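Line by line, the protein sequences are chains A, B, C and D.
Numbered according to my numbering, the first sequence terminates at residue 210, and the numbering increases by one at each position without gaps.
Numbered according to my numbering, the second sequence terminates at residue 1570, and the numbering increases by one at each position without gaps.
Numbered according to my numbering, the third sequence terminates at residue 316, and the numbering increases by one at each position without gaps.
Numbered according to my numbering, the fourth sequence terminates at residue 362, and the numbering increases by one at each position without gaps.
Honestly, the hints are just simulated from the structure, not real lab data.
Everything numeric in this text was worked out from a predicted model, so none of it was measured.
A few of these clues could be false.
[Said to hold, decoys possible] Distance windows between CB atoms, simulated:
id, chain 1, residue 1, chain 2, residue 2, range
1, B, Glu1497, D, Trp355, 24 to 30 Å
2, B, Asp1504, D, Trp355, 34 to 40 Å
3, B, Val1519, A, Pro93, 53 to 59 Å
4, B, Tyr1219, C, Tyr14, 42 to 48 Å
5, C, Gly166, B, Ala1144, 42 to 48 Å
6, C, Tyr14, B, Glu1497, 50 to 56 Å
C-beta atoms are modelled at their ideal positions from N, C-alpha and C, and glycine is treated no differently.
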Amino acid sequence: MQSDGWMTQETVALSGLTRRLEELRGDGHVQLTLMTVTDWLEDGEFEVSYILTDPVLFRTVILGVRIPRETPELPTVSDIWPQAVTYEQEINEMFGIRFEGSPRQGVPFILEGWKDIPPMRRDFDTLKYSVEHYEDRPGRRSIDTRRFVGRVSDEKSFTDAWEPREDDGRERKLADMDGGAAGSDRGETTDE
Amino acid sequence: MNPVLFIAVPLGAAFLLPLVRRMGDRAARGLAGLTFAFVLAAVVAWLPALGNGAMLTVTTGGWPAPFGIALRFGLAEAVLIALSAAAALGSFGAVSSRAGRDATSGGVRGLVIVLLMVVGANGLIMTRDLFNTFVFLEIVSIATYALAATGDESRGLEAGFKYMFLGAVASAFILIGIAMLYRLTGTLSIDGIAESLMVGGAGAVPMFALGVVLLFLFAGFLVELKVFPLNGPAIDLYDGVSPAVMALTVATALNASVYAFWKLMPIFRAVDLTLVLMVIGGATFVLANLFALRQSRVRRMLGYSTSAQLGLIVMLMPLAHSGDVSATAVGLLLVNHTLAKAGLLWFAGSVGKQTLVEWKGVLAGSPAARLSLAALVLAIVGMPPFPGFWGKWDALVALSRGPHAWWIIPVLAGSLLEFIYYFRWLRLAHVPAEDAETKLEPTGSLVPAHAFGIIVLGAGLALSSRLVTSSTDAVLTLAGAGLVLLIAGQLPGRLLQFLSLAAVAASGWMLHQAGSLAPTSITGFFMLIVLFGAFTVVLAGIGTPPDRKRYHGLFLLLVASLVLLVDARGPLGFFAGWELMTWTSYLLVAQGQRGGRPAFRYMLFSGAAGFLVLGGILVALGAGVTTIGDFAHLAGPAALWTAILLGAGFAVKAASAGAHVWAPDAYTESPDLFSAFLSGVLSKMPLFGIVLFGTRLVAGADPALIGGTYGPGYALGWLGAITAIGMTLLAALQEDAKRLLAYSSVGQIGYAVVGFALLTPLGWTAALYHTVNHMIIKLLLFLAIAAVINRTGTRRMHEMGGLIKKMPAQYIAVLIGIIALSGVPPLSGFAGKWLIYNALIEKEWYFIAGVLMFASVIAFLYLFRLINTIFLGQLKPRHREVREAPAVFVVAQALLVFAIMGLSMFPDALLRVTTAMTAPFFGAAGVELAADGSVLVSLGYLNAFGVMAMVMGLFAVFFAWVLFLGPKTTKVGQLDIVMAAEEPPAPEEIHYAYDFYRPYKRAFAPVLRVSVERGWSRFAAVLSAVAEYGRRFYTGDAQTYLLYAVVFLGIAAVAVLSRLG
Amino acid sequence: MQAVLNLDIGYLGLCALSVIGAIAYGLLIGGIIRKVMARIQSRIGPPVWQPYLDVAKLFFQRTSIRHGMMFYLAPVFRTVGGIGIYLLIPIVAGMPGLAGFSFNGDVLLVIYFMFFGCLGMALGAGESGHPHAIIAVSRGLSQMSSYELPFSLALIALVAQVGTFSIGGIIEAQAGGIGNWYLFMNPLAGIAGLLSFLGMQMYSPFNIVLAPQEIPIGPPTEYNSTFLGLMMSGRAIFGVAKSALFMNLFLGGATSIPEAMIKIFVVYMWAVFVGAVFPRFRAEQSVRFFLRWPTWFGLAGIALAMLMKHLAS
Amino acid sequence: MKDEKIRRVPERIEPAPPDVLKDRAYDPVPASPRREVDPYCYLGATEVQQPLAYREALATIRNWCRANSLWVMAYGTGCGAIELRPLMTSRFDMARFGMAPRPTPRQSNVLIIGGYLSLKTLKRVIRAYEQMPAPKWVVGLGSCTINGGMYWDSYYTINKLDLYLPVDVYISGCMPRPEALIAGFQELMKKIKQGEANGWNEYLENIDDYKINQKRVIGDWRMPDYNW
């Protein structure tokens, strides 16, 4: 559990989810501000986050629950917060996570007639899908701006030594992605 | 044959009965039945001989009057004995078919008492001897106690005890009175006493002594007659004793007592007790009717009713004796009451339900029983053609001409109260089968009740010969056909409607032959309206016959009553027709799916309207009027009051604002075809009344009075204007198509009322034009809506939509109708509105003109809504298979459409008629009709044909243009509309129809908060509370009743003694 | 009857000419209004002949759709309503073509005939099956009923004072200078008339019916091509006719064509200038507005008329 | 592309024989067997053949009227719509060209696609386009309509509008400034005046291809039956 005074992050096991949510609700976190999902593809898990707010004391709790990607199922919270139905519908559509007992599961929210795997899963390749389904106009040239990101950050100054280095991993990740994406980059190719 | 037999035979039978009983119960009952039948047959056989006033006096034992007992047998006695015998037979029949007959009648032992009761009653009726009167009175009373006590209901026992308690007091008083009277006059013969009192005059007998004597007799008899406040025990008796027994009691004991009282009138009149009796009787009539309002138990309610009716008779009796009121009228009231009340009591007994709530729907499965009950109720409340009506009419007319004219008011007020509780009962009994909780399971035979219903109807019809006019043939044709169809209700509806059409056509032909159809006479004009409306509605009915079996016959009866009403030659004919129309239309309204409650409301307001009209007529009659033409000779306050009362009555019937609450329900819940007739024709009858009497009153009135701007009509004008705007506004907010049209109809009648209220020739012309126009349009619209309802099975507009594609003919009908009704040129409505505005401005009623103009614009709202939400917009999937109305139906509508188009092009043709009608009374036409078809009035001009020609010409040009475009345009599908490029959801969701004028509702919220309905509810609640509070007067406690008797005697003593001068 | 049957071709031709002229003038006024509004909003705005182009374009549309018979007929109703009312009003007193068919009836006829076009329009909107069109009609009828009240009150005051419903008579009564115009003769009724005229013209703030931002253009939502062109023509002549009626009732009529054109233009512009500075009312606000001040003015106008009549006699 | 099912609408309309072209300039009546099928775009079968000079003159007038009275249906699908607003306001004032915004496709002549088109929107746009009466024109606004723009790799936006609707004028840029829009509309007006803006005819002529393309991307083709 991390906390920075007004925002607390905590993780809970699936079995204790409903109890914990009700506890928090009883504790004054009466407002479900958001429900969102993180796809931990490498860990083979989804993390569903419930962001709860206490409008009186201005406290926020981000309650995360990890579920396996193979069996993405959760109990619904729409009986506690009716507005959760919409979030659950959207998450169901975009990540394929099923919420037991939620009323509009499987009803299209944004996508109409979607047949592929849910598009927000990280193993869904949007570029590939686009290439397969939507035709491009010949002659398109695009410049991948990510290259400039690295270049800008390369311009080092002697004062860098005193700059705070909070996120060392960031640059590395970007570089990884750059390398990874290079294979499918259509940026400088010409169609046909 | 000797009248003594009427006493001797039942007496003998009573003695024989215990012997015969040894041969078995069947034989005993046979003997009793034979006895009653013999008495009845003998009297009936005697009746023709007595009809010419012959009188038979029998002196028993051969002794002449002062010594022997004289019996007299005349027409009155014969009728009363016949009634008692018939009632005995009926009660006998009603009881003997009952499974547990012994339980309530005391079995065969009870029959002895019944026989004795008949003996006593017959004796009491015939005897002319004072002491004998007492003896028979005792026999009757004791028989009553015995019958009450032999029942197994403990209530009966208790009631009988209380009854006896008071009866004993009465007997003692009467005996003392008789003794003292004998001491004073030396004779016991009633005639002798009267003679000696008359001849001797005041000097012969000491006045004070006479007063005391009379006080005893008088008080004794009043206690015996159970007038207010002494009627408590009698009412308890109704509650506790079998209704069959009570029916017998009413027909024997009560009638005999009343007649005995009547015979003593000459003695009482030695001191002038007229006022005392009238006060007592009047109070009894009004209060008993009032208290009956809160009765939840049917039999107790009937008890109050008996008390009330008796009060009326007591009230009229002194006047009848002095000749102010004809004795026949009072006799008719008594006979009517006996027949109807006995029938109702048997009815109550057979159905066996105690409380009103239990009565709900018990007659649902039995139309014949419903009809019979309705007939009996109509008889007892005094509707024509039942004898009660004639009695009441004669009595009231006599009252109006005498010095007691003010007494009409309590009589009418009490009668109205009577309406409320009787028709409430009828309403509950009329709850249709689908809503009923229980079905009728008669525990006894209804035959006696039916028989008395038929007798009372027959008696009434026999009396109706007073109404003979030139149109009698037509009326008889229609009424006869109506009765036939009423019986033949099981035939196919189409055939019934066809027969109705034939009857209407035949009567139209007869009226034509009789010369009753001249359009320039008022009666001919309205007769044409009636016939046209009836013809169209029946013609349409061939297409979609109503499924109610009694509808067809009742409708013809209604038309018959309308013909009678319109062709009336005198006030009696008018009022009889009016009341006939009221109850026939009431029964028709009750034929609707949820007809009970709306019909009840309809009847109450119609009843009130009828009594107001009656009041107006009576004022005029009191002022010496005999024919309708004579109304022109009225002057001064009589004319004013006649006008006010008639105006008020017609305004109520026309559902003017305030009294409108009956109309929407009645129009809406009636059978669909009848709604058209109700709105198209029946709503014109108050206008007919206004025209009929108004023309005369205007012709006779002081020109200075009606010529000025603010004459007596101004208030009526505002009433009409408020009606017009209020109803129009409400119409715009209705969800139910028929209800919308109902409000519209009421509002449009408001226009006509304003026109008549103007009292100018132009105003009347406008109003008459509007009347005809409105009739045609409303017939058309209601018929179209009826067709739509018939096909779609719903009345709610938002459930329809897009029907133009399925029912184009109905669409065209409604389109023509709404354009005409809204007053948009070039159709006929405009000329009507134009005339009314011109008339208003001419009369300088500017503000009323403003209100009417506003109302006429609001009318667009509901008219557009009507056509739009039903015919335009989105067709619902469930109406994809809807078909057009049948061809005959459309033909009937085509007739109306042609009429509208004709009227639109040539309004001057109609105006020529109306001006010819009104000009003689006003001495001016108000409208100038130019040779080229223009209508010229003092302020403006109109050439309807020219407008029509212009519009048609332009229309033709542009229509040709779009026709030329035709091939270029493409028809798109129903749901192919622009919904922000979205696929439209189901038709139900995009049909904007419910709560159509929400912004309007919001804007008018402060006005709409005013609820007349709530006002009437409060009034009803107050009346109810008063009745409830007053009812506590009857504690059911013998001591209290005795206390009342003492107090009453004290007051009576003061009253009688003060009369001594 | 005879008066109508006696019309000769020449007269009808004159009438047709005047109708065409009025449509042209109505469209021109429409263009001017757009220009004026643009200038008020410091725009350049379309050329003044833009409405002609629009109408011509609509007539030149290749395709059009219809929803049913009534949809088909509504533009006819609308146009006939517009032209009919124009023909029933004497625009210039005594000029044959411009008096049209006004011998057929008086001012009441004109007022009631106004509803003819509206009714047809509303029915066509209903037949289109579009809920927004019907919502607009519902609002429009609500508003119409409310502004008709002050207008009728003003008219009643006028007739009470003038003593005739005939438009010719009303114009005659106002002859002899500006002071005799009814607007100044009975200013209270005049104000009621002016205010109700705002509602009649359906410019802002009383344009809830056509409110394009919430109920796409209201009743004509589904109308297109020639139908719309016909409707626009009808609306143009309807506007002219309404203004002419107002001119005849309150501004003393006209004795020559230029005078009529100027007065009609002025009357038109009154509604436009008010509309330029006021935002739109909701339907119930509009109803309440007309039932308050304009109605009080109308009632006071009638009282004043009665008083003046009383003093005169 | 390996999927043969995509049937191409030719990028450029092949130049037709001169006489046909001439006919087309005056609202051509292509000999299409489809004219009965098409509920919206019934191509006047009853056209009376007038002398050529007359037709030319009439066509000039018609086209001039049409070009100077463009009623615009602005379909603001994406961020591009933000640049349409200034066009209506005082600074740029499109009204001076006779253009006017119109809230319903039934009365519009120009459909402006204001940005990227997701499939969900595309469906609605097609409906709106088909509800417009002919002649009608489509203006593609911004790069997204041309080649997908910054959404080139999105799984739910199309990349090339003219596969699905006939585009008469593209205005490139991300976003194009109002000046660019004005230039684009001027271009459209010029094309209309010259009788070259014939997208709606091409749509009809190649309706099968267009429909196949549309159906291929729109997963649940649940368009109402009245839309073919």
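Structure-based check of all given hints:
1. Hint check: Glu1497(B) to Trp355(D), Cβ distance near 25 Å, so the stated range 24 to 30 Å holds.
2. A beta carbon spacing of about 37 Å between Asp1504(B) and Trp355(D) agrees with the range 34 to 40 Å that was offered as a hint.
3. Distance hint check for Val1519(B) and Pro93(A): the Cβ-Cβ separation is about 55 Å, which falls inside the suggested range of 53 to 59 Å.
4. In this structure the hint that Tyr1219(B) and Tyr14(C) lie 42 to 48 Å apart at CB holds, the actual value being about 46 Å.
5. Separated by about 35 Å at the C-beta atoms, Gly166(C) and Ala1144(B) break the suggested range of 42 to 48 Å.
6. Separation of Tyr14(C) from Glu1497(B) is about 53 Å and conforms to the stated range, judged on CB atoms against 50 to 56 Å.
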